[in-house]
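Chains as they are written, first to last, in this note's numbering: chain Z, 1 to 540; chain P, 1001 to 1429; chain W, 2001 to 2493.
Keep in mind the hints are simulated off the structure, nothing from the lab. There may be inaccurate statements among the hints.
[Said to hold, decoys possible] Under the rule of at most 30 angstroms between Cα atoms (straight-line distance), these lysine-lysine pairs were calculated in the BS3-like manner:
| no. | chain 1 | residue 1 | chain 2 | residue 2 |
| --- | --- | --- | --- | --- |
| 1 | P | K1266 | P | K1281 |
| 2 | W | K2262 | Z | K336 |
| 3 | Z | K271 | W | K2262 |
| 4 | P | K1314 | Z | K356 |
Residue-level listing of the chains:
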Amino acid sequence: MSVEEARREFVELLGEENVSWEPAVLDCYAWQPTFNDDPDRWVKRPVAVVLPSSTEEVQEVVRICNRHGLRFKSFSTGWGAWNGPTFDNVVQVDLRRMDRIVEIDAKNMYAVIEPYVNGAQLQAEAMKVGLNTHIIGAGPNCSPLASATSGWGVGHDSIYMSYSARNLLGVEWVLPDGEVLRLGTLGSSGEWFNGDGPGPSLRGIMRGSCGALSGLGIFTRCALKLYNWPGPPEMEIDGIMLDAKMEVPENIGYYMCFFPDRKAFSDAMYKLGEAEIAYNALATSFGGYFDILTPRLFRKIEHADSIRSMIVNTFKYTLAILFAANSARELAYQEKVLHAIVREHGGFAMDVTRIKDFFSMLFMSFVRATIPALVFRMGGSFSTALDRNDALDSQAAWREVVREIKEGYIRKGQILDDLADNPYFVPYENNTWCHCEVVYQYDPRDPKHREALEPIFLDVTIAAIERCMEPLFTSDPRVRRLISPLAGNFSKYQQAISRGLDPKQAADNTLYSAEADFDFSGIDPQRVRRLQEVVEQRRW
Amino acid sequence: MALQDYLRDMEGCSRCSSCKWVPFNQVKSWRFAKNCPSVTRHNLHAFSGSGKMIMGLSMVSGRSELNDTVTEIIYRCQLCGACDTACKVYRDDIDLMDVLLALRAHCVEQGQLIPEHMLTIDALKREDNVFGEPKARRGDWAEGLDVKDAVGEKPQVLFHAGCRYSYDPDLRETVRGAVRLLRSAGVDLGIAGADEACCGGRAFELGYQGESENFADDMVSRVKATGASVLVTACSDCYAAFNYLYPRMGKELGVELYHITQYLEKLAGEGRLRLRQRVPKLVTWHDPCHLGRKSEPFTGEWKGDKLLRPVTMKRTGKKGVYDAPRNVLKSIPGIELVEMERIKGYAWCCGAGGGVLEAFPEFAAWTAAERIEEALATGAEALVTSCPWCLRIFRDAVEETGALLEVYDLTELALVSAGEGVLAGGAAR
Amino acid sequence: MAGKKGSKSGLREALAGLVGPDAVSDSREELEVYAGAGEMPALVVRPSEAAQVAELVRLANREKLNLVPVSSGPPHIHGGSWPLKGSVIVDLSGMRRILRTDRRNKVALIEPGVTFGQLQEAVEPLGLRVLKPLMPRANKSVIASALEREPITIPKYHWDMNDPLLCTEVVFGSGEVFRTGSAAGPGTLEQQWAEGHAQKNPLGPAQSDLVRVVQGAQGTMGVVTWATVKLEVKPQARRIYFLRESDLGKLIDFSYRVLRPKQTDEHLILNRWALACMLSEGAEEAARLAEKQAPYTLIYTLSGYEYFPQERVAYLEEDVGRAAQVSGVVPEREIPGVPLQRVWEMLDRPCSGRYWKERVRGGWREIFFITTLDRVPRMMEVMGEVLKRHAWPREEVGVYIQPMQLGRNCHLEYGLFFDPEDADAAAKAEGLCREAAADLADAGAFFSRPYGGWAEVAYSRCPDTVKALRMVKDMLDPGGVMNRGKLCFQEVG
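Pulled out of the complex, with its shape left as it was, chain Z reads as follows (with noise of 0.2 angstroms):
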């Protein structure tokens, strides 16, 4: 290993401003708080970080770790503690530089771009042409094309406009060993419209519920699937979040529903997706609203038990629905079925554009997922508890059993008080199938709220199996090593792709395909002793 040489040969290729091995510098890679369950907060840092703006320069970086025994890891935006080294000789890919939008077809809907383009800057462009794009729940601030090939994809489009790894047309993939690996139609004729085939699709071994999270390789360039948008090219807003003014455009519509529990609810979403009225559905909590919206008193009334209680309870089970016409017909339609399903599961529909300030306050931050940081506000960070999807009912389920945990470190103040029930609940595609993590909030300065970070993160581990469900953050190797045997071992399969395109194992993979045990010490037994009783029990 020559991390000298490999510097000097970076600084050849991509000149001295577009590499740093400064400490101060590399460092700002290694702080990756979000998402990260140690304690200290800082992950590794890189040995050098680089800055290609092109899918030559790409696969050369590769090349330049290769022939020099380093890894490397790539981000686009770079939130997420994932994006972070896990290796000591890591070279830190930014792949901020390569920000084009490359084409919007117009006609068949999609977009190709690179992957420091942003949600925010290709919805925007996407719109002018009467298109949309998935947002991811995590923000505009991500990368459309990062979520696609290597993270996961709701948002609370999700009912119109799916998950982002379903969204992928062709796709340029520059694999660990440097050579390209283009999908679909765009490996035979460079056309972006397929990215299946022939025959077997490497789409299969590119990504799955979760992507490779770099682990694979690099991915300079895809093409997304873009949806309709039948509102205004370009927005007039004034104002930059909450503050915001605006008019309601042409054809839209906005209700806030609620519903009397559980059941009503659930009943209610599904008839709700068979309707197939729905252009944005996030259900939550008004909690999860207020807690974000208003953090102060949030902190304000910690005990004060019967205020919350009666916040909790009254309106539990929230769906925020918007509606994005063709017509005024169709809204006039969506709206009328909207009424009919809520009447009759006993709820109620706000119409929430006949509260103009309110309406401005959440249009965008629904259109545009921008709503979601807010999160940060109550005590500068969150973590989640996101489980594998499936129908509505194990998602409505899984809300009740997070919350019950939720409120046991709630109470001994290991995490902010937001009123345990805060779910990001989604459905996919009119209601195939449905997602509903949990967020919890804490202080990451608080070294109580740190403590307790581990503790939760195996407590919803414990849950998620007992509920038949694989714990997303199966990109952590511990989880893998869980969870690996009681679907399929589909570690194995991750570990042979891996040798496959990666003979040097220059991809830095901890987060694709490496296994760990948890760290027991320090955890009761008995909750251990209940995760050996689980896993038993879950076994086919």
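Given chain Z's structure and the hints, the job is docking chains P and W onto it.
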């Protein structure tokens, strides 16, 4: 406050990178979605607001050391504050701008000095202005104008030109025009001339906070000595120093403070300024950082957990001066205002601020050229602003790039509309 | 292992030990059905449950057999299951159980032998409908169709290329049993059901989507023993419309306008010959019917579901009507010479009796690939040139355009029908299709399902894909026991 006092802010950074983008509600295109000149030009995360905080955290945590490379990264930043606005969309507990300022103060404390900035500070110390021009000639720009000597003649309104307007020969007509405009509205106006000094804002931004405080003290006594009840400044930098920085340092000027755009709006509203001549032009308005987000008034320092800080004490960039210049522009017959994509609290910087123009002129010019492109994208014939630093760098950028864009100070257009001047060669005469 | 190792009788005995003696056959008559245009297999084995399939694959690894999985009944058309000599056919068509239907979650868990007709019969009383290709043959396996990525007729439900397939259990060529999507575990199916799951999430498990490499693999990676398929709600109101046009461009323009907002349900374009053939009992009737048809007919339906179904159809009729106006086409409610009922059957039912392609003249060749709607005219030009060179009458070529993935691309299919007794015609069709495949691929046609000779056309253009596919094949079928010689796996095994 020292750098380590911002530990909670720095380790609060989640690295979401919102600081690199226009607040997402307002992203209107691929091209103009980025807000931070520093990271947009240099790309390494270290150049972003987040990156600079993480470097600070790294140093405070003993993981890395301050050296020339780190210092340069810290200073390759206009301190435009766009990152702070964007960060605060989502965060109540991080004052990113304060961390950036603390980083610079830390550099100065540690003796990590930028040579060009040392020249500026020397100039300030020697001549009371950032250019090192003779202090005796500070009032030359006003030669022959019908204006009181503020020292002795007790005008009601003290006009503060600022260093750039006082000494930049190319901008002389602009600032003279401003004075003529005010006089034409019957304002009882005086200037301090050679007795005017730098506001000290630039020294603060360069990290020389002690120097800055000296200038502030000096300025307070100079203003008080004039007996004026109103202070109008044509310089956005000075306005931000007076409106935000001085109160933050506990200094009170003891006068009613206006930026020239605010004062023109007031005069027009009172009917004292009559903007009647048509100025048929499609223009776009550039919000100077110091007039906009950076001039937001100081509302007190919160001690304790910022998560519990009242919203009223959180600087968000929303309370800058945004409406006044637009109102003045709209009141000029014939002017049609077309907005750029990045405006108000999320406006793109001109490139001149934070000591960048002095130390890294190529980066400053690049930043200005970006803004020129954005202005051109609106289809406007002219870019209008109200800050001598912005004006200077934009005019240079237009000359450099050959862009077909006129660049005006707002007062120039107002002057023409008031019948006191004509437009010639991209400036009012 | 019992029997004489390496001999056919020994093998037969071993297989019989796994599936029972009645489920193994080497009768020439039976084997010929599977041979298609390929070679004669040695044996056919008909497992009745998933566990037997896994045992079979393990045996194949031990004995270095070549297994060719087949799920649909004959005729085996495309060549994906045409065996090499001496292969063992694994005929799954007898595994016909519908293991579970779930109205609430709109899903069925089925075995590979379940046919479209069978599934429709089971789910329609529940108020559900099956997503299906256009007029599949009566014995077509639902799972085989999905595994081959056959296009479905309702583009708005075709979100991604693997639709309507959801979760599967697959026995890889290695003999290992794997479950994909949310069926993967933790938990047995029963445990998952008890927790409210319904095997509806097609993704995963974890960080790969191995079902995608089983799909489109023509049985070269493994054998699917059960799967869940996505069902949709049966409309309570439905209307059918026809756009009869000579200008294909107008129909394409209209398609873009209405597919984007997901307004139509069934949506497809047929030329007059394809339409006539589908609705006729033979070439003569087809010729008569074709005369009455416009050069191209776009068929679409509008539907209303549980709530105010008529109102949904009504507003859509207006909105779609407006789109038609802009595109310069006029929706009609019928087509000449055909009772509407027959068109509905064409859309809704699998073929009853003989496969429609077989009905025309007995023999046929087809060529299909993926392109985009706006590229269709170019493809038509290329195909037109080939037809001209081969003097094949243009008017007797069926054209079927099926938008997929909500209109982002489309399946374009040409059908050439001939009398199988007419050797010249058969040879001509064969040669024409071979040449057309190459020319069309040169023009950008994407042979996503490269059967037979198309494999060469498709894979010669993407050597990097071939390399990666071989790696996958080595991983899932290290012994090379699954359907040798197909796709790009000629050297494997």
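Now the hints, each set against the structure:
{"no.": "1", "hint": "P/K1266 - P/K1281", "verdict": "holds, 23 angstroms"}
{"no.": "2", "hint": "W/K2262 - Z/K336", "verdict": "holds, 19 angstroms"}
{"no.": "3", "hint": "Z/K271 - W/K2262", "verdict": "holds, 18 angstroms"}
{"no.": "4", "hint": "P/K1314 - Z/K356", "verdict": "holds, 25 angstroms"}
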